[in-house]
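> Heads up: the sequence lines are chains A and B, in that order.
So for the first sequence, the working numbering puts the first residue at 444; every next one is plus one.
So for the second sequence, the working numbering puts the first residue at 444; every next one is plus one.
Please keep in mind that the hints were generated in silico from the structure rather than gathered at the bench.
Among the clues, some could well be false.
Identical chains share a label here; the pair holds if one copy fits it or two copies do between them.
Taking lysine to aspartate or glutamate and the DMTMM-like style, the derived pairs with C-alpha atoms no more than 20 Å apart in a straight line are [unchecked claim]:
no.: 1; residue 1: Lys-522; residue 2: Asp-609
no.: 2; residue 1: Lys-479; residue 2: Asp-556
no.: 3; residue 1: Lys-696; residue 2: Asp-482
no.: 4; residue 1: Lys-479; residue 2: Glu-604
no.: 5; residue 1: Lys-696; residue 2: Asp-609
no.: 6; residue 1: Lys-522; residue 2: Asp-451
no.: 7; residue 1: Lys-522; residue 2: Asp-482
no.: 8; residue 1: Lys-696; residue 2: Asp-451
no.: 9; residue 1: Lys-522; residue 2: Glu-604
no.: 10; residue 1: Lys-479; residue 2: Glu-649
no.: 11; residue 1: Lys-479; residue 2: Glu-505
no.: 12; residue 1: Lys-522; residue 2: Asp-502
no.: 13; residue 1: Lys-479; residue 2: Asp-570
no.: 14; residue 1: Lys-522; residue 2: Glu-539
no.: 15; residue 1: Lys-696; residue 2: Glu-539
no.: 16; residue 1: Lys-522; residue 2: Glu-505
There are 2 protein chains.
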Amino acid sequence: MACQGQTDDRYWAFVGPFGGTTGATVLRSVLEQANKIGDPLAITLNFCAPLQHGAFDLDVREVRTNRSTQHWAVELSQKGAGIAVSASVVLAVRRESWSHQSAAAPDMPSPEDLLQLVQPRSVPWVDRYSFRFACGQPAGPNDQSKSARSARSEVWISDREPRPIDALSLVSMSDAFFGRIFLVRGLICPFGTVSMTVYFHVSANELLQEEGHAIFGVADAHVFHRSYADQTGELWSPNGRLLATTQQIAYFKL
Amino acid sequence: MACQGQTDDRYWAFVGPFGGTTGATVLRSVLEQANKIGDPLAITLNFCAPLQHGAFDLDVREVRTNRSTQHWAVELSQKGAGIAVSASVVLAVRRESWSHQSAAAPDMPSPEDLLQLVQPRSVPWVDRYSFRFACGQPAGPNDQSKSARSARSEVWISDREPRPIDALSLVSMSDAFFGRIFLVRGLICPFGTVSMTVYFHVSANELLQEEGHAIFGVADAHVFHRSYADQTGELWSPNGRLLATTQQIAYFKL
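With the hints as extra help, turn the sequences into a complete structure.
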């Protein structure tokens with residue numbers, strides 16, 4: 444079943460809407476399907492071209508349904524402008540099994556002990572979230588050293604208008620870590636996410652039972668090379684449960 | 444342009460062909476297109492259903508071509524059996540830029556100092572590679588403790604019949620780390636990769652200039668929960684260059 448939507452200027456980024464909300468919109472277009480089964484397990488978003496202000500169409504196609512998994516393909520396009528996002532979504536009916544969190548939870552300082560990021564007015568989407576950095580806050584424009592600094596950030600992220608954490612917000616927050624290039628070089632340069640994947644590690648019901656409206660995010664990168672850089676991300680609940688992991692590859696011009 | 448192929452029994456896994464070679468085949472179907480631009484940047488493979496022995500078709504569709512990136516969608520299917528793999532491939536013309544490897548290379552013991560894994564005869568694909576584990580070798584069937592062990596492996600991987608490392612072998616090797624569940628629990632259980640993504644961090648030309656036919660792989664996992672577990676992987680060249688990173692989410696029954 445096809446879906447329609449339109450961009451929201453409050454979530455605008457540099458040359459198009461913030462990819463996180465676009466990703467959440469794609470996921471929602473699948474979750475709205477009458478014949479969907481299970482909960483989000485994985486989503487991959489390929490950002491093919493910037494969206495323009497205005498309406499868009501989502502073509503939502505069921506690729507295959509198995510006993511406990513379901514595969515979807517979604518293409519987001521605008522009239523006369525071609526495909527802007529090509530995505531795949533995997534849903535799963537998650538059955539009980541042996542459970543083990545092999546990753547150690549990071550130390551999480553109390554958000555009250557951290558300063559809230561003061562937002563640059565030129566990038567609207569940033570103002571839709573509250574960021575409190577424990578480390579790795581993107582530097583201001585006067586801090587331009589050519590030597591590389593750490594690519595790691597640890598940060599509390601919550602919606603400015605409080606909203607329970609669901610799979611949609613996890614997708615959106617997965618793209619809210621700021622380009623690692625801004626951090627390691629201490630400057631803002633042309634940047635855009637090319638492809639992003641999110642894996643969900645809890646069911647929708649388990650997510651509902653988590654308390655609070657914030658996640659503690661850990662972001663890092665491996666390589667910056669020939670105009671592309673990767674980013675890894677972990678989204679932790681306040682009580683030390685890993686809700687989602689994400690990775691993306693992004694373009695930068697420097 | 445559509446492509447055809449057929450499975451190879453030498454690369455058989457449990458209930459279908461080894462996902463790594465299927466992924467390499469998908470990538471190759473894009474690289475064979477006359478109008479492709481640039482080198483592989485990202486590939487996501489959604490394994491929808493096991494392939495049967497025999498012929499398959501690849502439907503290869505150009506989604507969007509920009510100045511320096513190109514997006515492709517590939518569906519692999521078998522007659523009468525529906526779609527087995529749904530994939531996206533991003534190619535990029537990689538321009539010179541600032542370069543920085545923020546991830547530290549792991550210590551790599553000389554492969555000659557490590558024992559070669561003795562292959563279980565029941566899983567043919569394993570015999571197509573040489574594995575020399577520095578740590579995290581999957582345990583044998585007599586080592587079944589219910590407590591969890593580390594999910595981390597460090598291992599030299601090379602094709603049994605030596606072959607230069609290219610983007611195709613990086614995709615295949617990205618799926619060659621063995622299920623993390625086998626390692627943390629020390630047993631073999633039903634297991635299957637559901638979705639896998641690989642990011643390439645060097646151009647095809649740079650890859651050609653790398654010496655040797657082996658990569659040093661580092662694999663780990665964050666969470667095992669309700670029948671699904673993730674896996675992260677790094678593929679290093681012998682001289683400490685990060686060639687590719689990968690992540691996957693896999694089903695397990697335990």
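> Compare the structure with each hint and give your call.
Evaluated hints:
1. Lys-522 with Asp-609: neither (31 Å within a copy, 39 Å between copies)
2. Lys-479 with Asp-556: neither (42 Å within a copy, 52 Å between copies)
3. Lys-696 with Asp-482: Between. Shortest inter-copy distance 18 Å satisfies the 20 Å Cα cut-off; intra-copy 37 Å does not.
4. Lys-479 with Glu-604: neither (29 Å within a copy, 45 Å between copies)
5. Lys-696 with Asp-609: Close neither inside one copy (34 Å) nor across copies (26 Å); limit 20 Å.
6. Lys-522 with Asp-451: The answer is within: 17 Å in one copy meets 20 Å, while 44 Å across copies does not.
7. Lys-522 with Asp-482: Close neither inside one copy (31 Å) nor across copies (30 Å); limit 20 Å.
8. Lys-696 with Asp-451: neither (27 Å within a copy, 43 Å between copies)
9. Lys-522 with Glu-604: Neither, since 32 Å and 51 Å both go past 20 Å.
10. Lys-479 with Glu-649: within (19 Å within a copy, 44 Å between copies)
11. Lys-479 with Glu-505: within (9 Å within a copy, 27 Å between copies)
12. Lys-522 with Asp-502: within (13 Å within a copy, 25 Å between copies)
13. Lys-479 with Asp-570: neither (33 Å within a copy, 40 Å between copies)
14. Lys-522 with Glu-539: Close neither inside one copy (44 Å) nor across copies (34 Å); limit 20 Å.
15. Lys-696 with Glu-539: Close across copies (9 Å), not inside one copy (46 Å); limit 20 Å.
16. Lys-522 with Glu-505: between (23 Å within a copy, 18 Å between copies)
The structure does not agree with the numbered hints 1, 2, 4, 5, 7, 8, 9, 13, 14 stated previously, though it agrees with the rest.
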